[in-house]
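**Q** One letter stands for each residue in the lines below.
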Amino acid sequence: MSATTLAPAALEVPRHHAVSRFCRAYAKRPAGLVGLGLLVAFGVLALAAPLFIGDDQLNVIKVDGPQLSPPIDGYPLGTDQAGRSVLLMVIWGARESLSIGIIATVLTVILGSTVGLLAGHYQGWVGKVLMHVTDWFIALPSLPLAISLSAVLGQGAASITIAIAVTSWTATARLVRAQTIAVEARPFIERAKVLGAGNTQIMIRHVLPNVMPLILVSSTLTVASAILSEATLTFLGLGDPTSVTWGSMLQAAFGGGAVTAGAWWYLMPPGIAILIIVLGFTLVGRAVEHVLNPRMVN
Amino acid sequence: MTVSSLTASAPAAKKVKSSGFLPYLGGKLVAAAVSFFVTLVIGFAIFTLMPSDPVRTLTRGRPTSEAQLAQLRIQLGLDDPLWERFLTFVGNTFKGELGYSWQFQQSVSSLVADRLGPTLLLMGTAAALSIAIGLWLGIRSGWRHGSLFDKIASSTSLTLWSVPTFWLGMILLVVFSVGVGPIPSLFPAGGMSEPSLPQEGWTHVVDVARHLVLPCLTMVLVVFAQYVTVMRASIIDEMGSPYLLTARAKGLTDDAVRRRHAVPNALLPSVTMIFMHLGILVSGAITVEAVYSWPGLGYLTYEALKIPDLPLLQGTFIVFSASVIIMNLLADVVYRFLDPRVRAQ
Numbered sequence: 003m004s005a006t007t008l009a010p011a012a013l014e015v016p017r018h019h020a021v022s023r024f025c026r027a028y029a030k031r032p033a034g035l036v037g038l039g040l041l042v043a044f045g046v047l048a049l050a051a052p053l054f055i056g057d058d059q060l061n062v063i064k065v066d067g068p069q070l071s072p073p074i075d076g077y078p079l080g081t082d083q084a085g086r087s088v089l090l091m092v093i094w095g096a097r098e099s100l101s102i103g104i105i106a107t108v109l110t111v112i113l114g115s116t117v118g119l120l121a122g123h124y125q126g127w128v129g130k131v132l133m134h135v136t137d138w139f140i141a142l143p144s145l146p147l148a149i150s151l152s153a154v155l156g157q158g159a160a161s162i163t164i165a166i167a168v169t170s171w172t173a174t175a176r177l178v179r180a181q182t183i184a185v186e187a188r189p190f191i192e193r194a195k196v197l198g199a200g201n202t203q204i205m206i207r208h209v210l211p212n213v214m215p216l217i218l219v220s221s222t223l224t225v226a227s228a229i230l231s232e233a234t235l236t237f238l239g240l241g242d243p244t245s246v247t248w249g250s251m252l253q254a255a256f257g258g259g260a261v262t263a264g265a266w267w268y269l270m271p272p273g274i275a276i277l278i279i280v281l282g283f284t285l286v287g288r289a290v291e292h293v294l295n296p297r298m299v300n
Numbered sequence: 346m347t348v349s350s351l352t353a354s355a356p357a358a359k360k361v362k363s364s365g366f367l368p369y370l371g372g373k374l375v376a377a378a379v380s381f382f383v384t385l386v387i388g389f390a391i392f393t394l395m396p397s398d399p400v401r402t403l404t405r406g407r408p409t410s411e412a413q414l415a416q417l418r419i420q421l422g423l424d425d426p427l428w429e430r431f432l433t434f435v436g437n438t439f440k441g442e443l444g445y446s447w448q449f450q451q452s453v454s455s456l457v458a459d460r461l462g463p464t465l466l467l468m469g470t471a472a473a474l475s476i477a478i479g480l481w482l483g484i485r486s487g488w489r490h491g492s493l494f495d496k497i498a499s500s501t502s503l504t505l506w507s508v509p510t511f512w513l514g515m516i517l518l519v520v521f522s523v524g525v526g527p528i529p530s531l532f533p534a535g536g537m538s539e540p541s542l543p544q545e546g547w548t549h550v551v552d553v554a555r556h557l558v559l560p561c562l563t564m565v566l567v568v569f570a571q572y573v574t575v576m577r578a579s580i581i582d583e584m585g586s587p588y589l590l591t592a593r594a595k596g597l598t599d600d601a602v603r604r605r606h607a608v609p610n611a612l613l614p615s616v617t618m619i620f621m622h623l624g625i626l627v628s629g630a631i632t633v634e635a636v637y638s639w640p641g642l643g644y645l646t647y648e649a650l651k652i653p654d655l656p657l658l659q660g661t662f663i664v665f666s667a668s669v670i671i672m673n674l675l676a677d678v679v680y681r682f683l684d685p686r687v688r689a690q
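Taken in order, these protein sequences are the chains called A and B.
The first sequence runs 3 to 300 under our numbering.
The second sequence runs 346 to 690 under our numbering.
Treat the hints loosely; a few may be bogus.
As a list, the in silico BS3-like pairs of lysine-lysine whose alpha-carbon atoms are at most 25 angstroms apart [what the hints assert, rightly or not]:
no., chain 1, residue 1, chain 2, residue 2
1, A, Lys130, A, Lys30
2, B, Lys440, B, Lys373
3, B, Lys373, A, Lys130
4, A, Lys30, B, Lys496
None of these hints come from the bench; they were simulated from the model.
Using the sequences and the hints, build the whole thing.
**A** Here is the structure:
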């Protein structure tokens, strides 16, 4: 929907102009800037984490802090049952949560765009079959499907990532299909066909660049839901039990009696971290959507 | 499905010739049946073409001889050809047999039947409350979009949407059940009733209601936001319509224009969303029931996951999928009754 207004502009104006105009328009959206700031802050922390967090501080056997202690000197957010600093765990967890979220999104986008592009381009029986498959997957409840998939594939980050991708590609596929149909109705595609461009060339060289902005917007929102799904699946016990992620922290807190002990300092930080990062991606996604599609702004 | 039928109805609206309800229902029923069959195929594929060996999982940690393993394989029908296993699976499902739980040593269907009631109670209460709150807030904030009320309602919904359900549940559990600082323990921490109290009569009802408060609150807080967003968007969509101008020109008050003209039309897209979300709500129950050990289908799934008890997981997957398909079917039927444009196709 948004790219119908975007695409002609992207064609007529040289690309760097379009980019700088986009940046200026984006800078006028305070919510988008807040979201971007949150994401940059978390990204920097996640990347820099190995510089100041060593194995000594996260290894259950090597740590020597007090067990399940409320915030004290040296442990600003308290400790977990093993005596690890909750603050360091949350920072470390950002690495795992962000990378699973982003990898799952990349898989989702590749899968969804391929199906959408093919369904939009080949509108005969291929397109019909692909859209039916998409509709069936939309009708399936995503959490039970993801749970079943990762239970069968076994515990671990890889199976969670696959489960997220398999349950969330449908939205991208529908968007890309609609946009592909819209782009293919335009005269320059006809011109390309007359000049002898084949199916693959039309899809990759002509349609894909025009659909790309839309894919990027929807992927920002996909990251947000992928991070939520990762936390949920890990909490349900499908993640790697040895790794430190936000979901596994909450699982350990729940299973280890932090709730009955009233250990709020252990429960709050991972949840708030998830909240902030999901909110960040959502705000950025919405701001980009607004900039690309001014009609949405009432 | 519904959205496409809606857009398709626009040009046909000129020629109002109502097609029969039965053919329409028949079409939708066939579509739902196909959908359910595909669910069965997917459910079968996931749990059959998996890399792990069910016999090994089943006998994990117990000393078993090769002969016993082979015996078990025959007993579970694992050596039959794939198509035969699929036909048996489909046949059993239609007979209402969903397999045999490894963990409970009981048929999955009877487990599901036991747990259905609590889930429906939790879901029903949570759905009713969140629909009421969500629609009310959505109408208010859409009608005065840009106002302070709208900003607060919209940003609250956005924030709550970003919260992991299970985490919110744990926080509420710590605050209202364990008690933090001056807040005493107000509600029970889990389960559906106190085993020490009588399991019938008025005391039981009050007891269950007390256990229901926190899980229900958790679900409502997470779910109502979606209704706010949808209702707000569809109210804003209707705002520009000429018929509202006509209504105002007749001299109706702002309230009457909203209640009698804008809301009924704006409700239409929301109804579809509500039914679609009801299906999603059922699976949202998994985490909430896990946190509060609410003895429903979600908690059953959580218990199955720990083993993992694959037949039980497969059974709950099919039940959840079937409930989503039924909700979508209901959405299509209800929509037809509500929107004359769909009838005129």
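**Q** Each hint should be assessed against the structure and marked as holding or not.
**A** Now the hints, each set against the structure:
no. : hint                : in the structure
1   : A:Lys130 / A:Lys30  : violated (42 angstroms)
2   : B:Lys440 / B:Lys373 : holds (23 angstroms)
3   : B:Lys373 / A:Lys130 : holds (18 angstroms)
4   : A:Lys30 / B:Lys496  : holds (18 angstroms)
Hint 1 from the list above is the single one not met by this structure.
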